[in-house]
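Q: Sequence:
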Amino acid sequence: MNIEIYNSKEDQYGNSKENIFLAFGDKENYLGSAYAYPTINYHQAYETPYLIFIDINIADNVDKQLSDEVMQKLFDKVFLRAKELRMQRPDLKSRIYSGFEYNKDKLGFYIKNGFGEDYSIIMEAGISKNFTYILPESIKVREIKFNSTQELMEYKAIYDEIFVTPLDIDAFKEHEKQMYFKNLSFLVDGKLEGGCTIFEKDGFGYIETIFILPEKRGKGLSKNIIKYIFNHFLSNGLNKTKLEVWELNKRAVGLYKLFGYNEVEKNLMFPGITL
Numbered sequence: 001m002n003i004e005i006y007n008s009k010e011d012q013y014g015n016s017k018e019n020i021f022l023a024f025g026d027k028e029n030y031l032g033s034a035y036a037y038p039t040i041n042y043h044q045a046y047e048t049p050y051l052i053f054i055d056i057n058i059a060d061n062v063d064k065q066l067s068d069e070v071m072q073k074l075f076d077k078v079f080l081r082a083k084e085l086r087m088q089r090p091d092l093k094s095r096i097y098s099g100f101e102y103n104k105d106k107l108g109f110y111i112k113n114g115f116g117e118d119y120s121i122i123m124e125a126g127i128s129k130n131f132t133y134i135l136p137e138s139i140k141v142r143e144i145k146f147n148s149t150q151e152l153m154e155y156k157a158i159y160d161e162i163f164v165t166p167l168d169i170d171a172f173k174e175h176e177k178q179m180y181f182k183n184l185s186f187l188v189d190g191k192l193e194g195g196c197t198i199f200e201k202d203g204f205g206y207i208e209t210i211f212i213l214p215e216k217r218g219k220g221l222s223k224n225i226i227k228y229i230f231n232h233f234l235s236n237g238l239n240k241t242k243l244e245v246w247e248l249n250k251r252a253v254g255l256y257k258l259f260g261y262n263e264v265e266k267n268l269m270f271p272g273i274t275l
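Counted from 1, the sequence shown has number 173 at position 173 by full-length UniProt numbering; the numbering is strictly sequential.
Think of the hints as simulated: they come from the structure by calculation, not from any bench. Bear in mind that the values here come from a model prediction, so they are computed numbers and not experimental data. One or more hints might be untrue.
[To be verified] Taking lysine-lysine pairs in the PhoX-like style, the calculated list, with each CA pair at most 25 Å apart, reads:
| hint | residue 1 | residue 2 |
| --- | --- | --- |
| 1 | K227 | K250 |
| 2 | K73 | K9 |
| 3 | K112 | K93 |
| 4 | K266 | K112 |
| 5 | K104 | K73 |
| 6 | K112 | K77 |
| 7 | K201 | K257 |
| 8 | K64 | K112 |
| 9 | K145 | K216 |
| 10 | K104 | K64 |
| 11 | K240 | K173 |
| 12 | K240 | K250 |
| 13 | K83 | K17 |
| 14 | K201 | K223 |
| 15 | K104 | K266 |
| 16 | K73 | K106 |
| 17 | K173 | K242 |
[Unchecked claim] Pairwise CB distance ranges (calculated):
| hint | residue 1 | residue 2 | range |
| --- | --- | --- | --- |
| 18 | Y102 | K240 | 19 to 27 Å |
| 19 | I158 | K266 | 27 to 35 Å |
| 20 | M87 | S128 | 46 to 54 Å |
| 21 | Q65 | K219 | 55 to 63 Å |
By construction, the Cβ of each residue, glycine as well, lies at the ideal position given by its N, Cα and C atoms.
Produce the complete structure using the sequences and hints provided.
A: Given below as structure tokens:
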């Protein structure tokens with residue numbers, strides 16, 4: 001089968017059409033798509049702040065043999081585009097990366113094409129039954145409840161600015177259904193400075209995210225937030241806690257270790273190549 005690959009005719013989801021590729025067969029039947037998405041993030045990957053994420057998705061009705069061929073052709077196109085995007089910021093160290101899902105076939109494909117292995121780390125900690133904590137008076141906590149799509153999108157904009165992976169709205173809505181779910185903002189002197197999303201998962205107090213606004217870092221708020229979270233978990237009968245963090249986010253890993261978190265598992269994720 002002849003496989004033709006074209007750029008998208010229009011921008012999509014905030015990404016330029018030049019970064020989006022669509023694959024079609026002989027009868028112009030859709031076979032799959034790929035995209036490259038550049039972003040600058042000093043917060044989670046400060047050693048390689050210019051990040052270019054690529055992803056490839058094959059149509060469900062494509063058989064295995066054809067799927068492999070389409071996947072490779074789309075990769076060749078999108079990887080070339082990623083290298084072009086990299087040249088637009090020669091002043092920054094850059095990493096092209098992929099694989100934000102537990103799909104062994106996909107992860108293996110990127111490794112086969114020269115991407116290096118990266119990992120996410122599962123960390124766990126126990127919380128002493130005698131642990132108590134009260135926030136300083138200057139820090140106020142507000143629970144975030146979204147009453148409109150606009151409010152959710154405003155939160156997503158803040159989230160996407162800080163985290164490497166954009167907020168998955170569907171996953172967030174699933175988290176909301178979990179026991180002891182809280183999506184919290186932390187305000188200092190009335191102004192937003194950080195936040196967290198937490199819930200119960202498999203008997204653990206699970207920390208989905210903690211964030212501090214970039215301009216507010218270095219003041220100890222992240223430690224206050226973790227102590228507040230521990231107190232919240234313990235008050236709900238949860239004396240052990242778990243989280244997952246990108247291994248490259250060395251600052252976060254170091255912070256969690258200060259609170260007794262230990263690595264219990266590694267997952268192959270985010271294979272990439274530094275340019």
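Q: None of the hints should be skipped; say for each whether it holds.
A: Results for each hint:
1. K227 / K250: Holds, because 20 Å separates the two Cα atoms, which is no more than 25 Å.
2. K73 / K9: 19 Å, holds
3. K112 / K93: 23 Å, holds
4. K266 / K112: 20 Å, holds
5. K104 / K73: 19 Å, holds
6. K112 / K77: Roughly 16 Å between the alpha carbons, so the hint for K112 and K77 holds.
7. K201 / K257: 21 Å, holds
8. K64 / K112: 17 Å, holds
9. K145 / K216: 23 Å, holds
10. K104 / K64: 15 Å, holds
11. K240 / K173: This hinted pair holds, its Cα atoms lying about 24 Å apart.
12. K240 / K250: 23 Å, holds
13. K83 / K17: 16 Å, holds
14. K201 / K223: Holds: K201 and K223 sit about 22 Å apart, inside 25 Å.
15. K104 / K266: 14 Å, holds
16. K73 / K106: Holds. K73 to K106 sits at ~14 Å (cutoff 25 Å).
17. K173 / K242: Distance ~20 Å between K173 and K242 Cα, so the pair holds.
18. Y102 / K240: 19 to 27 Å: 23 Å, holds
19. I158 / K266: 27 to 35 Å: The hint (27 to 35 Å, Cβ to Cβ) holds, given that I158 and K266 are roughly 29 Å apart.
20. M87 / S128: 46 to 54 Å: About 52 Å separates the Cβ atoms of M87 and S128, which means 46 to 54 Å holds.
21. Q65 / K219: 55 to 63 Å: 56 Å, holds
In terms of the numbered hints stated before, the structure departs from none.
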